[in-house]
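> First to last, the sequence lines map onto chains A and B. For what it's worth, the numbering used here labels the leading residue of the first sequence as 1, then goes sequentially. For what it's worth, the numbering used here labels the leading residue of the second sequence as 1, then goes sequentially.
It should be emphasised that the hints constitute simulated quantities derived from the structure, not laboratory data. Ideal placement from N, C-alpha and C gives every residue a C-beta, glycine not left out. Do not rely on the hints blindly, as some may be mistaken.
What the hints assert, rightly or not - Going by beta-carbon spacing under 8 Å, a handful of chain B positions derived as facing chain A:
(1) G90
(2) N92
(3) P135
(4) A286
(5) V654
(6) I663
(7) V666
Unchecked claim - Computed beta-carbon distance windows for the label pairs:
(8) A/R61 x B/P284: 51 to 57 Å
(9) B/G276 x A/S19: 34 to 40 Å
(10) A/D122 x B/A208: 36 to 42 Å
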Amino acid sequence: MPSLTLIVNGSKRSVEAPSQEPLLSVLRDRLGLTGTKYGCGEGQCGACTVLLEGRAARSCRTTVAEAAGKKIVTVEGLEREGRLHPVQRAFLDHEAFQCGYCTAGMIMAAAALLESNRTPSDEEIVGALTGNICRCGTYPRILAAVRQASGAMKPEKRP
Amino acid sequence: MTRFPSDALSGEVAEHAVEGLHWFDVDRRRFLRILGGGVLVCAATPAVTAAAQESGRTRAGRDLPSDLSAWIHVDADGRVTVCTGKVEMGQNIRTSLSQQVAEELRVPVGSIDMVMGDTDRTPYDMGTFGSRTTPTMGPQLRKAAAAARELFLDMAAESWKADRSALAAEGGKILDRAAGRSISFGDLARGKELVRSIDSSPALAPAAGWRVAGTSVSKVDGRAFVTGTHRYTSDLSRPGMLHGKVLRPGGFRGRLASLDASAAEDMPGVRVVRDGDFVGVTAPAAWDAERAIEAIRARWTVPEQPSEEELWEVLKKKTESGDRSQAETAGSVEEARAAADVKLSATYRVAYIAHAPLEPRAAVAEWNGDKLMVWTGTQRPFAVKDELAEAFRIPAEQVRVLVPDTGSAYGGKHTGDAAVEAARLSRATGKPVKVVWTREEEFTWAYFRPAGVIEIASGARKDGEVTSWEFHNYNSGPAAIATPYTVANRKIQFHPADGPLRQGSYRGLAATANHFARESHMDELAQALSMDSLQFRLKNLKDERLKAVLQSAADKFGWGATQPAAGSGFGIACGVEKGGYIATCAAVEIEPSTRRVILRRVVQAFECGAVVNPGGLRNQIEGAVVQAIGGALFEAVRFAGGKISNPHFSLYRVPRFPDVPRIDVVILDRKDLPSAGAGETPLVGLAPAIGNAIFAATGVRLRSLPLAPRGVPSPA
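If we strip away everything but chain B, and leave its shape as in the complex, we get (with noise of 0.2 Å):
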């Protein structure tokens, strides 16, 4: 028997991890003399499997060593700052990683500086994607945080010459209240070099005694974005900053065939920059540089590719052969197939679709002699450090790469081709130069969320139990391909494809993808049966955690209990992935002139071990739902001829206000249980719970999304 990697970042890892030029050295006394005196505490890098570490260095064919992940400082003035590489874009880690330091340190939160995604300032860090901040950083922070609260117990304890064991540390003060006297954190910090790595592992509170953590702490800096004071990368400016846009292929892989860049050299203020196949402008104003980019005549050649109508076949036709094939084998499922009372077989398709962040990517580079510093929104500042110094062939501690909080990514963010690109029209022109990509350009040449083919066989018994499982999957990924169902005899596949876009990662993966396949599969397979839905489930899943998820949201919603009206339909879902454990019971009408079909609530529960912050973790929930309203119902990228034909919020349809049902979230605290991270596993239960939905309402059973971009199609 096979299983896949348990760890369910290796696949994206695999995808995604770009060979690191240069080691990161810590020069700890360094670093300190930077932040100036006082306590400083470096957290190493959990010894854990290379695929798994996104907290350290873990190229194939180098040893680990043993890195830090993190490091907290405390001034004479009791300001804690807080070093990590992972970065903020609305997933609110800014709050939840200060409530774990300020649980552990016993500071209030206000106290707390984060500093997050500065290669310069922050240890090395692979990235925030695979919902790890959560199940990683935050241990790693609230190890440092005791660390330092410990130590200052014993810097009090000694200059008071007091027993220790009569001393607490409350409110970033040690406390001796026998004696009646306190000295703060600060105070202790005061005039001293102190550099600390945690060699054992302080004892961490239980999640049931947290009084900072586990609470719905506001945002930190919430007042910034509704005064509109912060600064994301598109709102930042430099001495003498120039605008720059560049000029984009006729279609993909488009090789330039003729230039006249003429008109646009003629303007005032305009440098026109070619490099190859590269062309860019900038200008003084952004206007100016728009107007520049479209006066410039280019010919382009764009071979011939496929257009949408061919994707299927393209996919299923451009398999890769080879190692990147994995599989999960048990049993046999033919022979359980042949003796099953039920077989069906199906197959699913999921469009591309965009993560359209609303800030689009940007980037502000500027050049100091060989040195270079760029201003970024992506979700990996390291790896866009070491493509920088790749493209322009330096040392990659000649760059600095920093990264103000982003206007969201959504996995879209995993590149830094717009810090390329700015870097490059500054070096041109010698001075700072910004480039922010339009919404055409945000729609057209970031990567998309890959297509896929999904094709299950499977077998049931009568009395329910599902006995063979064959599930394939051509191009969408591995994330969530093993089921979460009992069955004895499978044959799980994922199947790379050479398509005809660039893809990449995506908040949820391949996961909404596999659950939408697997999920829609087994309510035909309940159907066949003449089973209930979630009775079928039941039966099949063994994972009490997965049952409870289901069993909580089936009940929140009513199920069973009510029937629909006649043109409305009941489904539901579940799953289990990245550590979440997800239900979602969705309720939709058709609208029987139009077919169109209306969301009229969603339940959703969701289970992620102890809560960090039940307020954030509603917000993600019902934010994910919301988000995946667009996937299941009518988000789809469309292309022909190397060209996508949608590039716009018009023609691409987004949810918006009119789209979203009521929604109820029920939240499963496990504060026995290790926390997980719940910025993606929320998004992947509404698909599938919808197509049920729709089945149930009229018959007629989807296997693609978007599932009813025109309104779900009249019965056969």
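Chain A on its own, in the form it takes in the complex (with noise of 0.2 Å):
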């Protein structure tokens, strides 16, 4: 099996995977960083989405062998000294989730957003989120919050 080296949260981390293995499972399984989650291996809820380079990509369809050397960011790398994102921040101030699968999947995809667009309207954050399901319906709890988080980031706080 090859080693590969992948740049985590900031962090280098040799692993040994098969090249073909899904990032996703290299994250949780061999990594043990579990708040990224498996909601359907196809793409389709966004459950799984991490920072790849600075843009949402879904870790189930990404190889570990495509990942490996790139800059990869998990829900686990967010916070800073402590400090939370602004985008789960205005998660935890607007309550926005019930059970809380998806929820790193959704702040990764809002995350995402923000760092591309940082006042996106409305229809912009449904078009950035529209992949990512919330089987609980939290959906206009989440459009709050990221709107909270667009305002809280526009003197650019953050890189």
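Work from the hints to combine the two standalone chains into their complex.
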């Protein structure tokens, strides 16, 4: 089995895995980063969303070989020195979850959107998150949370 | 005159109760030793009918012991541990129950740890379903907490030799304001080994005086969900754990005809386990287990079975005769119909739909000799414990089931399928094994919300009074089958049937189907009588609580005040179920070219007695409306020849961001009434409100759920 180097949440991690294995199971089973969730394995639900070079990627449809050497950020990597990312904060403030299983993927998709567009319109938020399913139906709260996070991020507070 | 049992749970209990194998006797002293010293207060199960008894032993032929339903422990540090067999799956009871304990015990919410759904540490509980946590577990925990508070008052008075009536409990302490002294609950509990059962019912704080209950306390462990640190079952790992996969038959009821597992067996680290028709594999990595199961060549003999085209016929034809059929009758529907000015009859249908919880079924099993420990996301940990004991022919005392807060269920996780699979693979390999179902497995091998056919024949007088109401539900279920309208002549019957797919509980049960049929038909009657839909309903209602929500929803929506634009329509529906009163208004627009339904606005009014957590309740109501969009407009399980033909999110459409309309929620907080559950009933008003709005917009009456998966047909 090949040994690959992943740059996860700012740390270099060496991992032995078949090169065709999805990044999702490598993160979860081999690196113990279980915040990223399996929801469908087909890129249809967004529960497995991570940032790959700053852009939202479905880790279930990304092979570990494709991700090797690139900057990967998972939900565990958003907090800085005990301070929540504005999107995480906003999800808490709006209680934008019920069971919480989609939350990591939603937060990563929203964080990716705000990386590229600090002031998205509602239509742009909906467009960016339409691939993410919340079966509990908390979409209105998620929309409100992303709006709040967008406001909080306007002054270039964070990279 | 016969009536349906007033207890809404009876149908579900009959459907899903699994006979217990062994008694679970609580040795209270032993329990105190597990938790450490301190003060333990046990809540006895209230004496109610066996059918409604979800927190105690209930099977026929067995006496109901004065068992315990919950307990509260306070240790020397003042930490409060609350044990209940209920489980958290997103409905937010970990928070709402904590609030109720905090209210009565007079401690901060943050000092409370809820232990939930652990069969070794929590009292027996039938399961978390039927919207029962708030009306039953809430009051029991409040009583236990109040009793603990009174006990601390006694202890402080005794230790100070003070007048008890001059003492007060506040912030986890007993205060003696006159003497300027205080002592914490922790200090009072230190060095004690005190066990009390509640013998008399202490006075509970009335909802009007609530200070913690009744407020929007945030989800107690919310931070764990936004940081990804909460561990669901599928996130757990045990030392030496293997990953397991199960070979699925080529169709429902399939039998294994031949098997060639040699390619899988040759894979390094892979173990193939065969036990009759059960074939599974284990491997150190989930990826390897998946490759191994794909490498197995098997042939299955799948019996011929009905396809979706034959469904309605099958449900009518294969109706069971016998004692599961329930009917309510009053007067003579035939005579009343003969005398009616307006007569209508119509047939309504609802499709099978899937729960599709985002966390699929999962379990981790670990054997220690003949003892079995299983972590799994289930709504019924004690039933799964019995299921495991039976599967492995071991005493239930040797099985422990633990339920991590679960990635939702919606009624879909009553069974222990993944638990049994993981335990079987674990027993064969001697290692802990985790089984996580794929989305396709979840869409195929879980059970479904029952499909159903509902036939209604009605009659009304010219003045708008409904005089005859005959209602037959085939297969979908009896929940909310009784009409809330005042009709003198009624015949209402549920006919269980032998349907082609595995079916079971679902959030709201058949209340969705029965409300859809009833509220669509009421609209048809209003139309036939040329009456306004709201006025027609109000005329036939006597229930003041239902009238109040109906009027509230209509007012907020502006019913009658504004007229829909061309190609748009407004609809209204209402109902009562599980102690919750609901009314829903919907505005739809039909896209001219595609005839697609665009849901523009929903107003939903809800009343469930005294509200325990307004923020949490609002979240549940909004979420229920959004989830209901799927079943109303486009969700349906498609099947043929013993196979599901749309077992993926790409083929089985669920509501997504663009489907969500503006939603206004009106909560009627009745602090003078006991709290009812709210996880299910907010789901039932949307489908008929949309159906009625589509009719208003197009003149086309749609009588099947989903209403318009491919747009509204053009008028004939």
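> Enumerate the violated hints, using their earlier numbering and listing them in ascending order.
Of the numbered hints given earlier, those the structure breaks are 3, 7 and 8, listed in rising order.
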